[in-house]
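Undergrad: Working from the sequences, and respecting the hints, build out all of it.
Residues per chain are reported as follows:
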Amino acid sequence: MAFKSFALTIVVATALGAATLDAQQAPTAKAQESRRFYADDPMWSDNDMRDIAPVAKDDLSKSYDFVHNTFAKRATLRAPSVNVNTLGEVPDSSWFTNRIGVRDMTIDEVLQGPDTIEGPAPGPWEVIGHPTAGITPKFAIRDANGNVFLIKLDPASIPELASSVELIATKIFHAVGYIVPEDFIAALDPQQLRVSKDVRIKTETGRERAMTIADVHTWLKHQPRQADGTIRVLASRWVPGKVVGSFRFTGTRPDDPNDIYPHDQRRELRGLRVFAAWLNHDDARSLNSIDSYVEEDGRRYIRHYLQDFGSTLGSGSTSAQQPRGGYEYLIEKDKIGKGLVTFGLWQRDWMKAKYSELPSLGNIESRVFDPAGWRTEYPHPAFDAMDAEDGFWAARIAARFSDGMIRAIVAAGKLSSPEAAERLSRIIIERRDKVVRHWIAGVNPLDQFEVRSGNHGPILLFDNAAVRNGVKAPGESYQTSWSTFDNMTGVETSVTDVEEYSEPVAWVPVSAFGPADSSGARYVVATIRTINPAFPQWLKPVRVTLRDRDGVIDIVGIDRGGAPSVSSTTNN
Amino acid sequence: MTRTHLERIITIVLVLSIASAASAQSQDEASRAKALSTARDQKAETIAPPTRSLTERVLHWYDNRESNLSWNGFHLNLGNFSGGAGLAAGIGFTRHAIGSPIVDPHQANRIDLDLSAGRSILGYQRLSARVDVLNVASAPITLSLLWRDDQMPQEDFYGLGQDSSESHRVSYRLDTKDVTAAIEWKPFRRVYVGGAVAHLAPVLGRGTDQRFPSIEATFDPSTAPGLAGLPKFIRADAMLGFDWRDNASHPRSGGHYQVTGSRFDGQGDDGTDFERVNVHLQQIVPLGNRYRRLELRAQAALTGADSLARVPVIYMPYVGGPSTLRGFATSRFQDRQAVSMTAEYQWEAWWALDAAVFVDTGQVQHTVGDFALRSFVTNYGFGLRLHSNSKFLARLDLAYGREGFRPLLGFKYGF
Chain V
0 MAFKSFALTI VVATALGAAT LDAQQAPTAK AQESRRFYAD DPMWSDNDMR
50 DIAPVAKDDL SKSYDFVHNT FAKRATLRAP SVNVNTLGEV PDSSWFTNRI
100 GVRDMTIDEV LQGPDTIEGP APGPWEVIGH PTAGITPKFA IRDANGNVFL
150 IKLDPASIPE LASSVELIAT KIFHAVGYIV PEDFIAALDP QQLRVSKDVR
200 IKTETGRERA MTIADVHTWL KHQPRQADGT IRVLASRWVP GKVVGSFRFT
250 GTRPDDPNDI YPHDQRRELR GLRVFAAWLN HDDARSLNSI DSYVEEDGRR
300 YIRHYLQDFG STLGSGSTSA QQPRGGYEYL IEKDKIGKGL VTFGLWQRDW
350 MKAKYSELPS LGNIESRVFD PAGWRTEYPH PAFDAMDAED GFWAARIAAR
400 FSDGMIRAIV AAGKLSSPEA AERLSRIIIE RRDKVVRHWI AGVNPLDQFE
450 VRSGNHGPIL LFDNAAVRNG VKAPGESYQT SWSTFDNMTG VETSVTDVEE
500 YSEPVAWVPV SAFGPADSSG ARYVVATIRT INPAFPQWLK PVRVTLRDRD
550 GVIDIVGIDR GGAPSVSSTT NN
Chain H
0 MTRTHLERII TIVLVLSIAS AASAQSQDEA SRAKALSTAR DQKAETIAPP
50 TRSLTERVLH WYDNRESNLS WNGFHLNLGN FSGGAGLAAG IGFTRHAIGS
100 PIVDPHQANR IDLDLSAGRS ILGYQRLSAR VDVLNVASAP ITLSLLWRDD
150 QMPQEDFYGL GQDSSESHRV SYRLDTKDVT AAIEWKPFRR VYVGGAVAHL
200 APVLGRGTDQ RFPSIEATFD PSTAPGLAGL PKFIRADAML GFDWRDNASH
250 PRSGGHYQVT GSRFDGQGDD GTDFERVNVH LQQIVPLGNR YRRLELRAQA
300 ALTGADSLAR VPVIYMPYVG GPSTLRGFAT SRFQDRQAVS MTAEYQWEAW
350 WALDAAVFVD TGQVQHTVGD FALRSFVTNY GFGLRLHSNS KFLARLDLAY
400 GREGFRPLLG FKYGF
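Chains V and H supply the protein sequences, listed in that same order. Residue numbering for the first sequence follows numbering that gives the first Met the number 0, beginning at 0 and increasing consecutively. Residue numbering for the second sequence follows numbering that gives the first Met the number 0, beginning at 0 and increasing consecutively.
Possibly wrong hints are sitting among the right ones.
[As the list claims (entries may be wrong)] Pairs of lysine-lysine, BS3-like flavour, derived with a Cα cap of 30 Å:
1) H:231 / V:337
2) V:351 / H:33
3) H:390 / V:220
[Said to hold, decoys possible] Some residues of chain H that are not near chain V, with every Cβ distance over 12 Å (derived):
4) 60
5) 158
6) 196
7) 231
[Unchecked claim] If we take Cβ atoms under 7 Å as the criterion, some of the chain V residues that face chain H in the derived model are:
8) 37
9) 40
10) 42
11) 53
12) 57
13) 60
14) 61
15) 62
16) 209
17) 212
18) 213
19) 217
20) 254
21) 321
22) 335
23) 338
In short, the hints are calculated from the structure, not lab data. Each residue gets a CB set at the ideal place from its N, CA and C atoms; glycine is no exception.
TA: Given below as C-alpha cells:
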C-alpha cells in the first residue's frame, strides 16, 4: 500500500511537471492536447498548505541515511525540477518563501530573519529536556514567557565558533527563502537555571534518574565565561507545531497529500547545494531537517524546516571543521585507492588549504574552495540531481547578497574579535563570488525580461545575469527569432527570420501574437541565443513567451530548454 | 513482477488518467491551481503511513538501541593480554567518579574504579583491580593503586644474546602477582613526572606450548637466570617525560620523550638486584603538511648490575615484537642491554586510514660497550592505521625480516 502510494506520488508529480516543462521545451511547431499556459500562470504560490489529517512521526535512521546514500546503487536523476512555475521560478509553499530572490531586502530585514521575538526572556529558565540527537552539547529550556528553546553550547576550547556560524547561516538561509528556526545568541547565567521535576537523565552506567541542577552546572562548568560571568550560548527556538520527523531528499511523504513533488525534483532542494557549498554546510542531510505538523488559520499541514547549521563555514559543531569537510565524501573508494598506491605523492587539493590562525573561525577558506567539486559528508540525492538551471536559479539569489549585507550578518554572529569578523566576512564574500561565477554562466544567462512601450511598439528588454554580476564583461550579441503560439492547440509557427542585436533588446512583432485562447489571451514566443565564443552553452536558446491580455503584454513563460546535470558528486 | 515493472505500469496508467481528466475538464474553468489541487486530491485517496525497508528497520534499531555491551558498569573485555595469548574474553566493571552522581573529568579527588577478569583459549588468565584518584586536591596529580594476578603459561624464550637461534625457541610459564602504587604530576601542560613502588611476586615454571620444549629442557639457570627460582621483588621507579604531540592517540606532529629509572630489589637475594633505565624517544616530522609525516622512534633499555648478578630472564630487556622489531617475534632477542630504532614514513590515504612504510632495527648486548653498528638486526614493512578524526583505532603491519613475514594486528599506537 505504501509503495503504491509512493509510486502514485511520483507519477502525479512527474506528470504535472512534465506537462509544464515539455510544452515549454517544444523546439518546433507541434500539437498539444492541452493548453500550455493557464490564466493563473505564472503561479507564485503553490497551495500545499491544505488541511490534512494528523500524521504519524517518521523518524529517519541516521545510519540508514548514510549507508543507503553511500552504498546503494542508484542512477543519478537526470530530469528537470518539476515544482517550478512557467517562468522557472519556485512558487511560495510550505517549503520555501521567495524573499531576496524576488525583491530587495533591507539589511535590517535580513537580520530580523525568522525572528518573531527578541530571544529568551530574562528571568528563570527551566530546563525541560536533554536531547541526545546530534553531537552538539545541548539542553532544552522554557523561559519566563513560556517559549521553549534548545540551548546549544560552543566547544569549550573554541568559544564563539559554532554559535556564530549557526546564527550567520540561519540568517542567510532565511533570506534565501528557506524555513528555519528562530536562532539567537544569548547570555546564560547558570544561576537563572532551574530543572523541571520530571526531566530524567541517563547516567554513565545506563541507569535513569532525575536530572539535577548539578548535572546542568557540570555541563556548563568549563564553558568560557564572558566579562559579566555569563556563558555565550545559541538559543534555537523550538519550531511551532508537532515534529513529525525529517524530510527525505527523495520521493514524497506518503501520508501527506500536499506533498506531490518528488523531493529530488524540487528546485529549492536541488539549489540548496549552491547555498550549502557557499556556506560549507556539509551536514545538509535529512537528519538536519524538520517536518512539523502546524496549525495556521484553521488549517493543519506539514511545514518543512532546515535546521542545525552548527556544521557550517569553519565549524564542525563540536570542533573546527575537518579539513576534508566539504571536499570529499566520507567514503570515496577511488580516492582511497589512489591515496594508498601513490605513497603520499598525490595530495588532495584540500590538503593544501591554509586556514586562519584565529580559532573562532575554525577551518574555512575561499582559495581552494571549488564550488563544482564541493561535497556533503555523503552523497545527497537532491544535490546530485541538480542541473544547470537549478544552479542558475540559486546563483541569482546568492548574487543578491551584497557585501554590506554579508558584513552585517557576520556582525550579528557577535564574534568578539573584529579581525575574525572581517576575515570571515571576506571569506564568505569570496565564496559567494565563486559560487555565483560558477553557476550563473552554466546556462544561457538571460534574465530580468520585461516588456516596455517603445517608439514603434512594444520592446522586449532583458539583461545578461553573468554580465550583471561581473562574471564577464559585456560584449556578446543576441540572436532573436519570433513564433506565433496557439495556446489551445500548442501549435507554434515561426514568423520572423533571426535578427542579431548587440544590445539586450528586441522589437516585439505585435502581429505575430497567435489566436486567442478560451480566456482571450494571445501568445508569441521569442527564441533568443547569446553569442559568445567563450560560452558555447549560451547558444542554447532561452524561449520567452509573451502574453497579450486585453492589450496588456506580460511575460508568461521562460524556458531555458532543460539543462545538463552539473553533478560531479555522485559516488556510484 | 518486479517493483520497477509495477512502477512503470502505475506511471502509464496515471499519466493517461491525468491527461484524460485534463481533457475532460472545462477549458474555461481550468487553472494551474486547480490542476495541482486535483493531483493532491488524488493523492489524498491513497495516502499511507511511511514504511521502512528491512535494512532501514535494522539500522533504525541500531541507532536507537541501548548499549548492549554494558550493564550497570559491567562490560565485556576482549583481551588486554600480551601477544601470543590467543583469543581472549572476559568481563570488566568500571565506575567513574565514585560517590558522585556526575562524571566530571575535572572533579577534584575523583575516584575511578576498574576491575577485570579474563581468560584466553591458550590458558592465559588475568585478574586486575585498579583505583585511580584524579585531580588530587584540585592539582594535576593522579594517584593509582593497581593489583594484578597474571598467569601466562606459554611465554617464549630463545636464549640470551644477539646470536640466539630461532631453533632454540622454548616456552615457559610465568605467574605473577603484582601490586603497584604510583603517582604522576603534571607541573606543566607538556611535562610530567612520576614515581611508583611495586611489589612483584613472579613464579617461573614449565611452559605449556606443545610445539616447543619447555625452558628447562634446553636452558639451565646460568643461561636462563631465574630458572632455579625467583625471589619477590620491590621495584621503585622514577619517571620524567615531555610530550608535545598534537594528539597522543594519533599524533601528526610533535614529539614525546620519556626516561624512567627503576631499581629492582630481590627480597632476600641480593644476587638478583639490578637497575634499569628505559628511554623512549618519539619524533614526528611533518613533510610539508600534516598528511605526510616521518616518524622516528628510538628506545633503549639499559641494565646496571654486577657482572655476576642474576638478572631474571623475565625482566630482561628485549627487542622483537610490535613496538620494536616488527619482523621478529616478541622478545626474540633478549639481554641486559637493548636498543631499537624505527623510521616510518606515513601518509594519509583516506581521512580514516594512514598507510606507512617502515624500517626497524635493533640489537641486544650484555654490556653497553658491546653495541656495534654491524650487529643491528633490521626488518622492513608496510602498514595500515585505522583512525577516527581524533583517535587511533587499529593497525595492521606486515613486516619482513630475515626470519620471514610477520603480520601484526594492534590496537595501540606506537609504544
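Undergrad: Compare the structure with each hint and give your call.
TA: These are the hints, each one checked on the structure:
1. H:231 / V:337: violated, 56 Å
2. V:351 / H:33: Measuring from Cα to Cα gives roughly 55 Å; hence the hint is violated.
3. H:390 / V:220: holds, 25 Å
4. 60: violated, 8 Å
5. 158: The claim stands: residue 158 of chain H keeps its Cβ more than 12 Å from every Cβ of chain V (closest is about 39 Å).
6. 196: holds, 31 Å
7. 231: holds, 37 Å
8. 37: Nearest chain H Cβ about 4 Å off; hint holds.
9. 40: holds, 6 Å
10. 42: At about 5 Å, which falls below the 7 Å cut-off, the nearest Cβ of chain H leaves the hint on residue 42 of chain V intact, so it holds.
11. 53: violated, 11 Å
12. 57: holds, 4 Å
13. 60: With a closest approach of 4 Å, the residue 60 of chain V hint holds.
14. 61: holds, 6 Å
15. 62: holds, 4 Å
16. 209: violated, 10 Å
17. 212: It is violated, given that the least Cβ distance between residue 212 of chain V and chain H is near 11 Å, above 7 Å.
18. 213: holds, 6 Å
19. 217: holds, 5 Å
20. 254: holds, 5 Å
21. 321: holds, 6 Å
22. 335: With a closest approach of 4 Å, the residue 335 of chain V hint holds.
23. 338: holds, 4 Å
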